[in-house]
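**Q** First to last, the protein sequences are chains A and B.
According to this note's numbering, the first sequence is numbered sequentially starting from 1.
According to this note's numbering, the second sequence is numbered sequentially starting from 1001.
Keep in mind the hints are simulated off the structure, nothing from the lab.
Be a bit skeptical, because a hint or two may be false.
[Unchecked claim] With a straight-line Cα cutoff of 16 Å, these simulated EDC-like cross-link-like pairs (lysine to aspartate or glutamate) come out: (1) B:Lys1009 / A:Glu132; (2) A:Lys82 / A:Glu132; (3) A:Lys74 / A:Asp58; (4) B:Lys1009 / A:Glu155; (5) A:Lys118 / A:Glu93; (6) B:Lys1009 / A:Glu109; (7) A:Lys64 / A:Asp33; (8) B:Lys1009 / A:Asp157; (9) A:Lys37 / A:Glu132; (10) A:Lys169 / A:Asp58; (11) A:Lys141 / A:Glu155; (12) A:Lys74 / A:Asp33.
All values derive from a computational prediction rather than experimental measurement.
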Amino acid sequence: MRYIVITCFIVLSNLFGHPHTFIDVYPTMVEKDGYVKQLNMRWLIDDMTSSMLIMEFDQNGNGKIDPNENTYIKDNYFNSLKDYGYYTDLPCEYTISDFQANIIQNRIEYNFSIIPTKKIKVKNFQIKFYDEDFFVAMQLKEEFISQKIPHIVKELDGDWFFGYILIYK
Amino acid sequence: MEFYNTIIKQLTVWQYSLNSFISNHIRAIDDDSSITMSLTVLGIAFLYGLIHAAGPGHGKAIVGLYFSGKSSNNKKNYSQAFEMGYLIAIVHTISALITTFSLYLIIKTMFYKHFRDTYDSIVQISSVMIIIVGIYIIYEAYKNKKEQENIDDNIKSKSKYAVAISAAIVPCPGVMTITLFSIIQKKYILGVLSAIAMSIGMGLTISLAGILGILFHKQTSKFTKNIGYILQMFSGVIIILLGLFLIKVL
């Protein structure tokens, strides 16, 4: 039996991806009267992946993302992340707006807003950050959350991936 | 599953730190301090390879399964585990280097997209090869049973190479990332050397999966002696299923 169990274990382990891109997540909650108005997200992509992306994104090589380059990134890269739920799992439907990419100290930064489509209370509001395929590892640390709304950060142990949960109190 | 998740989490945290360390150091290297810094980068690349391969993938499952049918009494099997581990690491790395340089030289723009597209295509090819290996293992088990020979000593060396290539043809994105990053920083030799250092680390980890397979065989030798044929067939079926999963048939 042990043979079968371990065989299954190592075979199953082969099915899962493993991270090659790391994204630091800086979420900011915007609330109004105890309800979630929007979430402002800032992603900082790791240096190595950014170097590849900058090679393509910064087409005129001026070290910054111009408006036409931002449109290109949004259309060709960012919008396709919808298939992955923007690596952000919310307990409600939402829309995405205000996308802006930047280059910050050789790293690609994505800024965007998540707006819930229905009224939802801040209290007990949960956001999960993960990539089910685990090609991307989302990194959420306490120091990435600067605002004072009470919250906790927990680790999310998916069966095949690893992520974080941000819970507002 | 909790133990597995803990391992995955720790490996991810380490990779996150090492990834950042390597990129910072490669970027910081200049002509004056190149030897010490370069050696540091290579040492860390080795460690990165060791940890990176400890995560899911990289052919450990196939190597582990392959050697689970091998007897621990035969010392030759241990050296074969290292041989296969490093064969996989070398093919894995060469595949990554060729893919990276080709894509970089031919395409230059849209790199990241092609990087993922190419990766997907090669996964499909690899999946077909994995299925063929699974069928081959079942065929071997059936043939061995028919000839009433010992399964342990009867898998021919050519199947070993088939296993290694099928597991390794998918280029390692980790190696591709480091190599590409070095190319962009115009540190070509360091990029290739980092890839090699990383593959040495990966080879060690993959070899250990084979050793684990052999040791496991030892612990269950009584059990496997009686139903070795069934387990061998089971391994073949599992490998075929793995290939089908990867090719997204299932």
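**Q** All hints are to be evaluated individually against the structure, with a verdict given for each.
**A** Hints and how they fare:
no.: 1; hint: B:Lys1009 / A:Glu132; verdict: holds (14 Å)
no.: 2; hint: A:Lys82 / A:Glu132; verdict: holds (13 Å)
no.: 3; hint: A:Lys74 / A:Asp58; verdict: holds (13 Å)
no.: 4; hint: B:Lys1009 / A:Glu155; verdict: holds (9 Å)
no.: 5; hint: A:Lys118 / A:Glu93; verdict: holds (7 Å)
no.: 6; hint: B:Lys1009 / A:Glu109; verdict: violated (24 Å)
no.: 7; hint: A:Lys64 / A:Asp33; verdict: violated (38 Å)
no.: 8; hint: B:Lys1009 / A:Asp157; verdict: holds (8 Å)
no.: 9; hint: A:Lys37 / A:Glu132; verdict: violated (27 Å)
no.: 10; hint: A:Lys169 / A:Asp58; verdict: violated (41 Å)
no.: 11; hint: A:Lys141 / A:Glu155; verdict: holds (10 Å)
no.: 12; hint: A:Lys74 / A:Asp33; verdict: violated (32 Å)
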